[in-house]
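Undergrad: Keeping their order, the protein sequence lines are chains B and S. Counting in this note's numbering, the first sequence runs from 1 upward without gaps. Counting in this note's numbering, the second sequence runs from 301 upward without gaps.
The hints are simulated quantities; they were obtained by calculation from the structure and are not laboratory data. Don't take each hint at face value.
[To be verified] Sample of chain B residues with no beta-carbon within 10 Å of chain S, all distances over it, derived:
# : residue
1 : Gly6
2 : Thr41
3 : Tyr57
4 : Arg59
5 : Tyr75
6 : Val221
7 : Ile284
8 : Arg288
[Claimed, not checked] The calculated DSS-like cross-link candidates involving lysine-lysine, where the alpha carbons are at most 30 Å apart (straight line), are:
#  : chain 1 : residue 1 : chain 2 : residue 2
9  : S       : Lys544    : B       : Lys246
10 : B       : Lys189    : S       : Lys410
11 : B       : Lys189    : B       : Lys112
[Said to hold, decoys possible] In silico contact screen, one side only, chain S against chain B (beta carbon under 10 Å); selected entries:
#  : residue
12 : Asp310
13 : Ile394
14 : Leu400
15 : His405
16 : Leu409
17 : Tyr413
18 : Val422
19 : Asp425
20 : Cys453
21 : Phe455
22 : Leu508
23 : Tyr536
24 : Ile550
25 : Ile552
26 : Ser558
Quick caveat, the model's predicted, so the values are computed rather than measured. Note that CB positions come from ideal geometry on N, CA and C, so glycine has one too.
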Amino acid sequence: MTTLAGSRRLRLTALLTPVSLLLGTCFLVPLGIMAVYSFLTPGLYGGVEWSFYPYNYGRVLGAPLGDVEDFDPVYVEILLRSLRLAGIVVALSLVISYPAAFWVARFRGQRKSFVLFLVTLPFFASLIIRVYAWMLILRPTGFLNLVLESAGVIDAPLQIIFTEVSVVAGLVYILLPFMFLPIYASVEKLDPALVQASQDLGATPWQTFRRVVLPLTLPGVIGGSLIVFIPAFGNFVVPALLGGAKVMLVGNIIEQQFLAARNWPFGAALAMLILGTVLVLMLIYVLRIGRGGVAAGAQA
Amino acid sequence: MSRRSGRVLDAYGAVFLLLLYAPIALILVYSFNSNVVNMMAWEGFTLDWYRSIFGLTTRLSESQIYVHSTEALLAAVRHSAIVALCASTLSTAIGTATALGLARHDFRLKRVYQGLLVLPMVMPDIVLGIALLIFFVGAGFKLGLSTIVIGHCVFLSSYVFVIVSARLAGMNTELEEASADLGAGPWTTFRRVTLPQIMPGVAGGALLAFIISLDDLVITYFIAGVDSTTLPLFIYGMLRRGIKPEINAIAILLLVFSFVVAATGLWLRSRRQ
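For reference, chain S alone in the conformation it holds in the complex (with noise of 0.2 Å):
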């Protein structure tokens, strides 16, 4: 490639990389604005809407805010909490024991599982959410966290079955094949030699799990109760309200912890590569 065109497609990549952060930038910059007339027009720098969101005294009135008190919003972060950490442990369990079981054994309807298990993934967010809200509500289960959790497990477990899947492919079955021939047991096995070596799959697809969970709102947005709010449907809902600054604080918060928690997954991964 000339020099030249290497240029422009230096060029092309800085732009393509503020595309992609700028609107993020944006959110940010406004969350310090201490203007509460024009959210859009900077006056100086402020906590105000930070310390709003966490019910510390501001300068701010009482209709230039939306969470009027923090319980609903901190509600709503614990129900996301808790979904996320079980869907994704119980989908972590569940996919990984799949890859394993379509990994190490040839039977008729391997091929068949193969092609169930994409499915949740390309199926479309509200197609999945509907049929599952018909479903809970025929079968008589009451809305709440734990249909929310159910529902996330369905399309979860497939994401962790394909990267646990990717590891079991890279690995060679000889330690396995010797473990066995040393006189271990197949859970013995299973926990000194092959766990160990795909954990770093294991611990990917967890984290993947975890991340796609919190941040799910289709799904959610269905087969959630009245009482079991989720943080992405709370903020989906005070966007229909009407922008109010407070809701960049807010949005930053949830950037910096999945943005570290995502970092912490592909860290882990390029380490132990």
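Pulled out of the complex, with its shape left as it was, chain B reads as follows (with noise of 0.2 Å):
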């Protein structure tokens, strides 16, 4: 039996390994290496200099730390407006997504599949056509501007490109399916008897959803508002397709500092507040819902 216990764990090792040395060194060591370089100083001509320095936290946090020398209050502003972004996209693609579920759970059999397959195709669309898609649409000679114009309600084109309701626009887009999976998943999973019971025992419809579907449905809600929130806040490329300079947000500040302005560490410190806002979030997901959700979210 020992030999049989051995071999076993010979072969659980020999499984682990290679995942243990990709995450181990091309993940964890990039991470922690990231955290020291954010408490270091940024160098005259693009490199580091190795002492500590905690003002590339203070640029952005300095006036509530009570240090206001490096402090500059238009990152927080950025951080502001990144977190404010997030949260429309979050909400928008929810009440897009919500009825959309019902919906495709409605259909049987073939249909439901065909409908599925339709709905999840889009998905894996190049995502910088995606957003492309968009320029197309939103630019001043864009598509909404040409239609708007041609059916004589307005008379010059709207500047629509350039603005938060752009960016908003492209996130929703992009981010749709991320919202949609985890909800269709728990509709699907919501029972049709609990619904009619509900009705039979003399609940209105508004009684019903509050008290029977939305409970039953919440967790594909909180999941997909997670990780759609995640790269909604972080992301770079479509605020600098479709937001230009005027709506820049932290994912963009961070780009500038590693590819333009070459203050690593500082760029380092903007990344690790996005990311130790994802943790927290994460964290109270976990904490509040329970560890299976978080692995259904992210299959999806």
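Since each chain comes alone in its own frame, lean on the hints to assemble the complex.
TA: This is the structure:
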């Protein structure tokens, strides 16, 4: 028996060695180095000096921490804007996806698979192409202005691109599947008998929704909100293409620090702030909802 | 549900599908527009934008196109293909091994591994991208295709792990036990019993990894070298320089390709269930 246990142990080690090496060296170590970098002094020519320097965070959070020397309120503004827009994106994609999930769930058999296929397919379209589609729609000479002008609704083209509206539209469009799939998964599990029972017992449609349907689909709603919020918050591609210089989000500032300003420690500090926000949200989620939901959400 | 609310829901469903597909359909229509002055005003049907991508003769002038030589575009396509093939193969092997290890064994650190594997999927792209950039530069790696492949494997392995795990969870262990009872060694049992059963999961995971790798922009953006531009990076660069109608044709070719791969994957899955 000892040799059997030994060989099982050996097999387990063999199976887990590749992933341990990969995630150890190329995930945990880089995150650790990034954390260290965020406390280093930015060097003159884009490098770093190996001395402790808390002011990378001070530039963003300086005033509340009692340090106003390097503090620049523009960073707090950008951070708050990123949070606000990510919140709006979550709310809009929730409002759009929730009824759609019920619509798909009503189909049966082959037709249901087909509708589900139709809904999932755009998810696989290249992300950059999906963002481009909205550039095509929202530009001053774009499709929307073309339609509105020829219909006589407006005289001069509306400036929609390079506003918060266009950034939100782009983010909602690319992140919609992440909201739809978890919600659909919990709507699919919803037992129609419970809804029927609630109606039979004399509940109004609103009461049935509020007391039966909503609580039972809440795990999907929360899971979807989390996995939409995370990429919306740190995104830099959508604001770069649809927001321009006017609607900068925290992701754009990080990108600048790494590729233009060459202030890596400050960029690392901003990334740590994003990571911190995400980890806090994840922690709340795991503690409140339980472990199973994370995997289910990520799976979608 | 009443008939009327059912009809409202159907109407909503139609609007929902329209929202999903109209933006893509718009690109498709404009990719055939022959108007070279105003790309939004329909003038007539042409294949010139597609022809110019492939370097065929067109009636377009130099200033109307981005891709002056097809070489840069083809190099980007080639880089993307190499990265996606290598990264999806490696991460499928790693993710599958991990799934087997965690599903068939109990050990103390199991929960730690499960939690660790979720992290790369939920981590914001940009954070992983810059962490890898600092790491690669600090460790003296030359940024290029190999750093992109490694970077992609970090998060793709988790996706493969999740998909293969789901397959393993729905599978009972009786056949594996029977195989062992009949005297098959662990390797034979794996090859003849376990692998055929989890194959749809492995294939699905590999396809998903392939598509995600092919499409990744943000992580690649930070860890690609100057001479290892991938297709999404190439398109991003084009869009930052302004929109020319040629982009429509490139977009459609890319969409057709990813839809074919995705549809194959979804079809395989539905057939095997």
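Undergrad: Confirm or reject each hint.
TA: For each hint, the structure was consulted:
1. No Cβ of chain S approaches the Cβ of B:Gly6 within 10 Å, the least distance being about 13 Å, so the stated non-interface status holds.
2. The non-interface label for B:Thr41 is consistent with chain S: the shortest C-beta to C-beta separation is roughly 15 Å, beyond 10 Å.
3. Against the 10 Å criterion, B:Tyr57 stays outside the reach of chain S, whose nearest CB is about 16 Å from its own CB.
4. The Cβ of B:Arg59 lies farther than 10 Å from every Cβ of chain S, with a closest approach of about 17 Å, so its non-interface assignment holds.
5. Every CB of chain S lies more than 10 Å from the CB of B:Tyr75, the least distance being 16 Å, so the non-interface label holds.
6. Even its closest Cβ contact with chain S, about 17 Å, leaves B:Val221 beyond 10 Å, as expected for a residue assigned away from the interface.
7. Interface exclusion of B:Ile284 from chain S stands, the closest Cβ pair being 13 Å apart, more than 10 Å.
8. For B:Arg288, the shortest C-beta to C-beta distance to chain S comes to about 16 Å, beyond the 10 Å cut-off, and the non-interface label holds.
9. Our distance criterion of 30 Å between C-alpha atoms is met by S:Lys544 and B:Lys246, whose separation comes to about 23 Å.
10. A distance of roughly 28 Å separates the Cα atoms of B:Lys189 and S:Lys410; the hinted pair therefore holds under the 30 Å criterion.
11. For the hint pairing B:Lys189 with B:Lys112, the CA-to-CA distance comes to about 15 Å; that is within 30 Å, so the pair holds.
12. About 7 Å separates the beta-carbon of S:Asp310 from the nearest beta-carbon of chain B, less than 10 Å, and the hint is met.
13. Of the supplied interface hints, the one on S:Ile394 holds, with its beta-carbon coming within about 5 Å of a beta-carbon of chain B, less than 10 Å.
14. This hint holds: S:Leu400 has a C-beta 5 Å from the nearest C-beta of chain B, less than the 10 Å allowed.
15. For the restraint placing S:His405 at the interface with chain B, the shortest Cβ-Cβ distance is roughly 5 Å, inside the 10 Å limit, so the hint holds.
16. Restraint check, S:Leu409 versus chain B: the minimum CB separation of about 9 Å is within 10 Å; hint holds.
17. Here the hint on S:Tyr413 is kept, as its CB sits about 7 Å from the closest CB of chain B, short of 10 Å.
18. The closest approach between the C-beta of S:Val422 and any C-beta of chain B is roughly 6 Å, which is under the 10 Å cut-off, so the hint is satisfied.
19. Satisfaction of the interface hint for S:Asp425 is found here, the shortest Cβ-Cβ separation to chain B being roughly 7 Å, below the 10 Å cut-off.
20. The interface hint given for S:Cys453 is met, as the beta carbon of that residue sits about 6 Å from the closest beta carbon of chain B, less than 10 Å.
21. Restraint check, S:Phe455 versus chain B: the minimum CB separation of about 9 Å is within 10 Å; hint holds.
22. The restraint placing S:Leu508 at the interface with chain B holds, with a minimum CB-CB distance near 9 Å, inside the 10 Å limit.
23. Interface hint status for S:Tyr536: upheld, as the beta-carbon distance to the closest one in chain B is roughly 6 Å, under 10 Å.
24. Given the 10 Å rule on beta carbons, the hint for S:Ile550 holds: about 9 Å separates it from the nearest Cβ of chain B.
25. The restraint placing S:Ile552 at the interface with chain B holds, with a minimum CB-CB distance near 9 Å, inside the 10 Å limit.
26. A cut of 10 Å between beta carbons decides the hint on S:Ser558: the least distance to chain B is about 5 Å, and the hint holds.
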